[in-house]
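**Student:** When the count follows my numbering, it moves up by one through the sequence shown with no breaks and lands on 250 for the last residue.
The hints are simulated quantities; they were obtained by calculation from the structure and are not laboratory data.
A virtual CB, placed ideally from N, CA and C, is assigned to each residue, including glycine.
Treat each hint with caution, since some may be false.
[To be verified] Label-pair ranges, simulated between beta-carbon atoms:
| id | residue 1 | residue 2 | range |
| --- | --- | --- | --- |
| 1 | VAL53 | ALA215 | 52 to 58 Å |
| 2 | ARG112 | GLU172 | 52 to 58 Å |
| 3 | SER177 | GLY247 | 27 to 33 Å |
| 4 | GLU185 | ASP116 | 49 to 55 Å |
| 5 | GLN158 | LEU203 | 18 to 24 Å |
| 6 | ARG214 | GLN142 | 28 to 34 Å |
| 7 | GLU185 | ARG61 | 31 to 37 Å |
| 8 | LYS39 | THR151 | 18 to 24 Å |
| 9 | GLU172 | VAL41 | 50 to 56 Å |
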Amino acid sequence: MMGGRPLAASNVPNWAVIKLQRRRPSVMQVIRFGIDLAKNVFQVHGVDASGQVVVQRQLRRAQVEKFFAAQPPALIGMEACGSAHHWGRTLRALGHEVKLMPPAYVKPYVPRNKNDVRDAHGCCEAVSRPDMRFVPIKTMEQQWARALHRTRDLLVRQRTQLANAMRGMLYEMGQTSAQGAAGIEALLQRIEAADEAIPAALLICLAPLAGQWRALDGEIGKLDKQILAQVRQQRAALRLTTIPSVGPII
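Work the whole structure out from these sequences, hints included.
**Tutor:** This is the structure:
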């Protein structure tokens with residue numbers, strides 16, 4: 001009533017009762033993820049600001065990038081293991097803060113009876129610790145440089161095995177050969193020239209080994225050139241080579 005007269009129907013306030021409902025936290029509320037990396041199936045564990053579990057699911061490899069592209073920026077923790085640097089770069093490019101951790105440092109946060117679900121939970125928990133030590137995410141160039149050195153190291157070990165095998169066979173026949181680069185070169189020349197002092201039956205075994213040694217030596221030389229070219233393109237690497245006894249090959 002206003003001024004003793006009733007309100008017109010059009011002026012009556014439209015009061016309504018609003019019913020508040022409690023809803024489960026949305027995936028959009030996730031602030032931190034833990035991922036257990038794998039070859040095909042990834043386990044994901046996500047929590048909100050209060051620490052409540054919001055996401056706990058498996059993702060196929062083809063689903064990972066699409067899933068995280070749909071999430072708001074979040075902190076993601078993973079163990080520094082195979083493919084971790086690749087996924088670190090991929091998820092960081094989507095706007096997330098990605099941290100890699102040494103597996104030994106994540107282990108204390110993994111509950112007993114280890115499995116993929118608990119591993120993801122452990123990564124999610126460990127990445128939130130202020131005293132956690134993290135592993136820098138390598139760039140493609142850094143991984144390529146590491147691959148060059150690893151490949152060279154493997155070929156050098158194989159070359160050494162071949163040299164030792166050839167020396168060992170000759171030694172069993174009462175013949176010796178000098179150590180070092182000069183010694184192996186002299187041995188190879190004897191084998192390639194079919195030295196009469198070496199039994200013909202033994203040459204059948206030594207010849208293919210000598211051929212493999214030559215092939216490996218050539219491949220190692222190519223890698224040496226690649227490594228040297230890479231060093232020349234990096235100022236930091238060039239500065240390191242000015243230190244006595246430090247060179248491009250490690």
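**Student:** So the hint says 27 to 33 Å: do the beta-carbon atoms of SER177 and GLY247 match that?
**Tutor:** Since SER177 and GLY247 have Cβ atoms about 28 Å apart, the given range 27 to 33 Å holds.
**Student:** Okay, LYS39 versus THR151 on CB: inside 18 to 24 Å?
**Tutor:** holds (22 Å)
**Student:** Could you say whether the range 31 to 37 Å given as a hint is met by the Cβ separation of GLU185 and ARG61?
**Tutor:** Roughly 49 Å apart at Cβ, these two residues miss the hinted range, so it is violated.
**Student:** Do the beta carbons of GLU172 and VAL41 sit within 50 to 56 Å of each other?
**Tutor:** Given range 50 to 56 Å: holds, Cβ gap about 52 Å.
**Student:** Just tell me: holds or violated, for the beta carbon distance of GLU185 and ASP116 against 49 to 55 Å?
**Tutor:** 53 Å Cβ-Cβ, so the 49 to 55 Å window holds.
**Student:** Would you say the C-beta atoms of ARG112 and GLU172 sit inside 52 to 58 Å of each other?
**Tutor:** Check passed, 54 Å falls within 52 to 58 Å.
**Student:** Is the gap between the beta carbons of GLN158 and LEU203 within 18 to 24 Å?
**Tutor:** This hint holds: roughly 22 Å between Cβ atoms.
**Student:** Between the beta carbons of VAL53 and ALA215, is the distance compatible with 52 to 58 Å?
**Tutor:** With a Cβ separation near 56 Å, VAL53 and ALA215 satisfy 52 to 58 Å, so the hint holds.
**Student:** Tell me if the beta carbons of ARG214 and GLN142 are separated by a distance inside 28 to 34 Å.
**Tutor:** holds (32 Å)
Hint 7 alone, counting from the list given before, is not met by this structure.
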